Each structure stands twice: as structure tokens, then as C-alpha cells.
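Going line by line, the protein sequences match chains U and G. Note that the UniProt record's numbering gives residue 182 to position 182 of the first sequence, counting from 1, and the numbers run on in steps of one. Note that the UniProt record's numbering gives residue 266 to position 266 of the second sequence, counting from 1, and the numbers run on in steps of one.
It is possible that some hints are incorrect.
Each pair may be met inside one copy or between any two copies, as identical chains are not told apart.
Stated by the list, open to error - 25 angstroms max Cα-Cα, derived DSS-like pairs, lysine-lysine: (1) Lys194 - Lys151; (2) Lys194 - Lys56; (3) Lys33 - Lys254; (4) Lys56 - Lys33; (5) Lys222 - Lys13; (6) Lys151 - Lys135; (7) Lys13 - Lys56; (8) Lys194 - Lys222; (9) Lys151 - Lys222; (10) Lys151 - Lys56.
Calculated directly from the structure, the hints in this document are not laboratory data. As the structure is a computational prediction, the values presented were derived from the model and not from experiment.
Protein chains: 2
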Amino acid sequence: MTAALIDGKAIAKDLRERISGAVGPLEAALGRKPGLAVVLVGEDPASQVYVRNKAKLTRAVGMESFEHRLAADTPQAEVEALIRQLNEDETVDGILLQLPLPDGLDANAAIALIDPEKDVDGLTEVNAGRIVLGKQGLVPCTPQGSVILAKSHLPDLSGLNAVVIGRSILVGKPLALLLQSENATVTMAHSRTKDLAEVCRSADILCAAVGRPEMVRGDWIKPGATIIDVGINRIEAEDGTAKLVGDVAFDEAKEVAGAITPVPGGVGPMTIACLLRNTLLAAARRAGQPDPQGV
Amino acid sequence: MTAALIDGKAIAKDLRERISGAVGPLEAALGRKPGLAVVLVGEDPASQVYVRNKAKLTRAVGMESFEHRLAADTPQAEVEALIRQLNEDETVDGILLQLPLPDGLDANAAIALIDPEKDVDGLTEVNAGRIVLGKQGLVPCTPQGSVILAKSHLPDLSGLNAVVIGRSILVGKPLALLLQSENATVTMAHSRTKDLAEVCRSADILCAAVGRPEMVRGDWIKPGATIIDVGINRIEAEDGTAKLVGDVAFDEAKEVAGAITPVPGGVGPMTIACLLRNTLLAAARRAGQPDPQGV
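Pulled out of the complex, with its shape left as it was, chain U reads as follows (with noise of 0.2 angstroms):
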């Protein structure tokens, strides 16, 4: 292995802790508590998992979570209004609604009701607009820690060729825009580019995000290249157990580039600690506070 490897897990848990020491003396200031709620529509397992290790984690920080759970069959009314009662309380700083809906209920109407101010995952049109204006807004937790772990092994983008794979409006659109903002060259390829393998060998920078397991290939990668791998499939391993891989063939890659982050551990743990990073900021600006620095 000649890769660095980039700590997506250690570089969470150290934002974490630095979003924790912001956390008191923003409550000093507003005399309560940041407060995170998350809505839990139907029974997915996995979403039921991830609504457990985030409201965990936001207590963690020592913010208030308030979770919600309605039944799969909610009626879309309820839903609505739920997310209206959220705008409206002064104690909720951001509101996640946990996806994908349960089959029936339409997400896009529900998102769209989210006052921008508490879109904590950043999926509304005010805050997309806001990341092509370049004004301050929330930004998706799952781009901006790619953004962070890049960042981590460069400092500095500028000038940089980033390959951004996967146009999809959570993760590629707001992830090319982003770099470009860190003033990177950014290529927005997707699957119907011809000769992706070329265009992604112009990288030093290369964001896979497509969801196809190791699709990206050892002899895609640019000599030194710094991968982001959003991608995490799960597969069949060899001996029958299921197992998480990213959308870059680690195994190849890790022996061409200078860098790169592991599936699991890379991208996904930063998920999270942006999501609580938007918490804060959300609770500082609602309340006319400057952002708390160093987060």
C-alpha cells in the first residue's frame, strides 16, 4: 500500500468534539440547548438504525434530540404538519426528515414545508440555490464531508483538477459545486460520459459517488491522486457474508493513489458530524449569533 490512508472515522470524531466544546457556550448564550428533530416515518430497519446513532450522537455533543416516529401509514396531512409544528417551535434548531418515505407519501412536498433556516440536510431549494449563489446557507452533510476529508490531506484545492462521478442532487451536483468553490477545476461526469476512465485519470482529485461497487478501477487513477469514495454497497463476499465495499476498487487503488478513504470508515462517519455541525450553526445564526469558529 502506497496510499495514505484518509480517517473519515477520526476526523468525524474530532469534529465532533470540537462541535462539542462550541455547544456550551452557544447554550450559555441562548439559554437552551441546540435542538435536532428527527422525523421516523414506517419501519425501516436501516433507518431506524441510523435515526438511533444520530439522535446518539446528538446527545453526545450535548445538543437536545426530538425524535419522531409515525406509523408507515401516516397520512401525508400528518406528516405536513408535523413538520409545520417543528418549524414553529423555538426549541428545534434543525429538522431531518429520515428517507426514503414509506411508499404513498410524497417526500418532495414534505421537504419543500421545511423552513430553510432548520434544513439541516440542506435538500431545499433556498439552500441549493444558496450553495450556486455562493451565500450562506446549510449545505448536504454527505458533500461537505467529502469536502473536509479532501481537504484534510490538501489544504488547498486551488488550481486542482477534481473528477466528480454521480450527478445525483444529495451527493454530486452539490459536491461539484462545492469544490469548485474551494476553487478546484471541477468535471461533472456521470454515466453517460464517454471514456470515463480517461476523464477520471485527469484527476488529482476523484469523487466517486454512483453507488456500483468498485467500478472505479486501479488504472483510473492518476498517480497520486486524492480518492473520496462516497459509494457504500453491500456485497457478497467471497465466503458468503455480506460485506460493505465503496464505488473505488480499494484494493487497486490504494497501490496508484496518494491518498484515499476506506469503505466503511471514510465518508460515512462525516455524515453525521456535518449533520451536527449544521445543528449548530443553524441554533447560532436562528438566534443572530456568529457561527461558532473553529467547527
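Chain G: place on chain U using the hints.
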């Protein structure tokens, strides 16, 4: 000259004629003409010419033109009050705040008040966000016109490499996102890009939107590429007279490119045509009518 000329003037005229053809049926459905309100603050000579030209072309396609001229020393509150009034006015489908505003006025604060459904310049956070999220919205006029010109020569952009030079919020960033939604592989280049000439040579579609006269040279261009020149720069010609040139060295580029937009007469005329198109769409959508076809 080997490159085909992309005649923006003719394509814009054709688009305006199709808009004109769609106005009649929409007027019948609405019981009134679609209306565009233009707000001009101060006496900037170039802005006065633009506003006069917009009003003339608005009436020429059969729409109402409402012009609001305010003195340069109008207070911010008065500009904002006018925008609120236009938001409420049912006969106004589009609101255009002519930029730049005189010193001392806050354009961002004024723009933020424009009802996104009437934001025919596509300047609000909501409409910028809708481009990222792939939702129906009102798209800024110059990038929209640029894509129409590119597609006039290359009807299917899927899989082509596009390079956009410049990352302004008015042109570069939305243009990159629009080209991506046409399935091009888009590279966003800018002043920090290393070896810009080499990046440009990878482009099947090269869009220059930087405002630097003739910056893109002939040897930056891949033979056969389609060149969309968004720049409009006033320079002094050899005989001392003023002359308009683009961001691309036209005389060199036309010997290499497959197709190219001239300056003037390329992207420029498309901007107003797309403004009228946005006004037509806004009028239809506000009334719950389907988008007019063929425009």
C-alpha cells in the same frame, strides 16, 4: 472560414415569433395579455437602452410591458415596496429588476423579495436551487439562450465534453448545470484553472463567459468544436472607433471550430428572447395552464 456561423439574431427572431404565436391562445385562456414589469432605477445610459429594447420586444410579441422608472436616489424601502406591489399585481407575470442598481442600493435584498414564480431573470435562491434539484423553474436567460444556440448546431449534447470558462452566478454556474442536464460531461473552468488552453482543447462544446476580450485563442480549440461566446467586450479598434468583441478570438477560432457564435449577433439577442419565453412560461404556470408548446 471553415466554421458554421450560429446566427443568434436569426434564432432569437424565430424564437420570438414562436412566442408571439403562443401568446394569443394564452391571452384567450387568461382573459388578459401576459405582462412583464421592468424596474429601472437611475439613469445608466446602457440600462436605459436595454430597458427600451426589452419593452419594444415585449410589445412586439403581444405582451404587456410595464415600465417603472425610479430616480437614482430612490431609497431602498421604496424599491422594495414597488417589488412587493408587483408581486401582488395579478396582471404582472414577470418582474425584471434592471441591474446594476445605483450605489447605495442593495440589489440582493431587493431580488430576494421577488416572487420566484415571477422571477423571469432566474435570480432568486429558489430558482437557482431548482436548477440543481432538476425541478421546473425559471432559468436565467443568458445561459438558457446559450444552450439553445449549442443545440441548434448539436441537437443531442449527450456524452459530449463541454467546458464552461467562467463561474459567475448569472451565467457560468447555471450554464454548467444546464449543459449537465442535457447529459454533457461538463468541466467548470475559471481563473484558477491550470493550463486552461489544454482544458479547452478537450471540449466538444466550449462556452466562454469571462468578459476578457479575445482570451480564447484559435489553438485552444479542438478542431470541429462548437463555440458559444457569451462575452461582449467593448474595445478600441485600430482606427480608434469602438468595437464589440467576444471572449473568443473569432478570426482565429473560425478556422478551427465546427461552429461558432459571432459577437455581436450570437448569444446577445437570445437573452431578451429567453426573457420573453420566461414571461410566457410564468404567465401560463401562474394560471395553472400547461407550458405552451413549441417555444
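How the hints compare with the structure:
1. Lys194 - Lys151: between (29 angstroms within a copy, 19 angstroms between copies)
2. Lys194 - Lys56: neither (44 angstroms within a copy, 45 angstroms between copies)
3. Lys33 - Lys254: neither (43 angstroms within a copy, 64 angstroms between copies)
4. Lys56 - Lys33: within (15 angstroms within a copy, 58 angstroms between copies)
5. Lys222 - Lys13: Answer is neither; intra-copy 30 angstroms and inter-copy 48 angstroms both fail.
6. Lys151 - Lys135: within (21 angstroms within a copy, 31 angstroms between copies)
7. Lys13 - Lys56: within (14 angstroms within a copy, 61 angstroms between copies)
8. Lys194 - Lys222: Answer is both; intra-copy 18 angstroms and inter-copy 16 angstroms each pass.
9. Lys151 - Lys222: within (18 angstroms within a copy, 33 angstroms between copies)
10. Lys151 - Lys56: neither (27 angstroms within a copy, 52 angstroms between copies)
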